[in-house]
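Taking the hints into account, I'd like the entire structure generated from these sequences.
Single-letter residue listing:
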Amino acid sequence: MNLPSIRAAIGETISVTTTINGASRRFDVEPRRSLADVIRDEAGLTGTHLGCEHGVCGACTVLLDGEPVRSCLMLAVQADGTEITTIEGLANADGSLHPIQQGMYDAMSFQCAFCSPGFLMSAVALLRDNPNPSTNEIREELSGNLCRCTGYQSIVEGVETAVRIMGAQQ
Amino acid sequence: MKNPPFNYHRPATLTEALDLLAAHGDDAKVLAGGQSLLPVMALRLGRPDHVVDIAAIDELKHIATASGALSLGAMVRHAQAETSPMVAEHAPVVAAALPHVGHRAIRNRGTVVGSIAHADAAAEMPAVCLTLGATLHLASATGTREIAAADFFLGFFTTAALPEELVTSVTFPPWSATSGGAVVEISRRHGDYAMCGLACAIDVADGVIESAALSFFGVASTPIRVAEAEAIVVGQRPSPALFAQAAEVVADVLSPDSDIHATANHRRQIAAVLTRRGLAQSADQIGIPV
Ligand SMILES: Cc1cc2nc3c(=O)[nH]c(=O)nc-3n(C[C@H](O)[C@H](O)[C@H](O)COP(=O)(O)OP(=O)(O)OC[C@H]3O[C@@H](n4cnc5c(N)ncnc54)[C@H](O)[C@@H]3O)c2cc1C
Ligand code: FES
Ligand code: FES
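As given, the protein sequences belong to chains A and B, one line each in that order. Note that my numbering has the first sequence beginning at 1, numbered continuously upward. Note that my numbering has the second sequence beginning at 1001, numbered continuously upward.
If you're looking for bench data, these hints aren't it; they were derived computationally from the structure. Quick caveat, the model's predicted, so the values are computed rather than measured. Some hints could be false.
Derived coverage of chain A by chain B (criterion: at least 3 residues anywhere in the stretch with Cβ under 8 Å from a Cβ of chain B; other residues may be distant) [stated by the list, open to error]: (1) 5 to 15; (2) 39 to 47; (3) 61 to 72.
All C-beta atoms in this analysis are idealised placements derived from N, C-alpha and C, irrespective of residue type, glycine included.
Structure, rendered in structure tokens:
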């Protein structure tokens, strides 16, 4: 990587370039700002939700270079040069849903849906690495995401439905 | 909550980082994976004037072995260590601990050394260091030094590292085919900090346990070894009765606190169960079913 040394005093901004959902973006941000805030306020992608802003709930999960991370526990300046996928990047250009969106839609995995973007992004990474997970593996992988409405049963069923949809597509 | 403002530094070299820490001392904090520092700042439990992000420093990114000892640089993330065949081969107890550390999204950012430097009393990695006899390598603008894990953890979130020092790496001594080890814990949900956990290892020669290390976490202000229980098993052949005896001693010796997650008595009982489980798993690893 070998980045040059960088410094910003309080109030100064740093130029950050990232690719978000396939489009290259440049932001001038104060180091104190979280990646989540920049995704929401600068990029205008408000599908990434902020529940707790200290790493506990998982609602802010996005993919950073393909791997799930909590965007509230990253400074935007730490994302310089990375590729980010948010919930808005899942559906196809024609509006048809990603199999995981479809599976969770079919299983009614949402009630208030505040937690859903985080569950969906975590589930995308899970099914990419393990296309046929057991129920226990699904529960374990999604244990970092909290939902206050569903009781999790329908969310696990949504992921299992997605597994069937993806299996049928192959 | 939003982070308070701070002066941000991302040095490209170790020398620059150490100069920054020397200049700002107590007013500076190292930022590694940020999975503990950023929550601390968000909750205003800490408010450093200067944040020194060490992610760009190439010297801190190695996973390497020398004469069988495994060394992890300060910027090796949990997820990298978890999937490294070198870690699995040379430090299986480290590999066994990693799936317990937080959730996947946390492990993708957090670092092994950051977890050791943070020294949460309920964290897995400090106890693993104690059990394996790991060495912490520290550097400051004026020099380097090494500290044994046994001398590193001083109290809740408190270590022997000075504010102007960076922990550059951790090394774990060579692992032998006659050693077995395990990390077992009980937490409310997978990925949560444990109510109580154990990192243990035994060495067996001719069917007899030659040495044993039992380090518990979540039961005191630092991870602690229970020498009384280790003494029970050393010189003996692994058996369910022996491990049950060690478990009783553990429950007697530990004096954990009660909190919202578990009462002291509950923690002692968990510790006893984990002693039996951890020792049995360790023996099993060297082909001695118990
Ligand atoms: C929801 C959640 C659940 C978690 N569950 C667990 C768990 O079950 N078990 C567990 O062990 N951890 C858990 N963690 C913490 C996680 O493991 C952190 O990654 C780890 O504690 C700190 O590593 P870091 O690289 O993120 O450090 P940072 O957050 O960057 O730093 C933490 C502290 O250590 C200091 N520091 C870091 N690196 C160095 C260094 N090289 N030299 C000197 N000082 C340094 C920093 O200045 C700071 O004070 C959890 C975190 C969250 C948010
Ligand atoms: S908002 Fe990031 S984990 Fe809750
Ligand atoms: S559906 Fe409401 S929090 Fe999950």
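Coverage assertion for the stretch 39 to 47 of chain A with respect to chain B, Cβ distance below 8 Å, three residues required: It is violated, with 0 qualifying residues against the three required.
Check of the stretch 61 to 72 of chain A against chain B for coverage (Cβ-Cβ below 8 Å, three residues minimum): The restraint on the stretch 61 to 72 of chain A holds, since 7 of its residues have a Cβ under 8 Å from chain B and three suffice.
If you look at each residue in the stretch 5 to 15 of chain A, do at least three have a Cβ nearer than 8 Å to any Cβ of chain B? Holds, because 8 residues of the stretch 5 to 15 of chain A bring their Cβ atoms closer than 8 Å to Cβ atoms of chain B.
In the structure shown, a violation is registered for the earlier hint numbered 2 alone.
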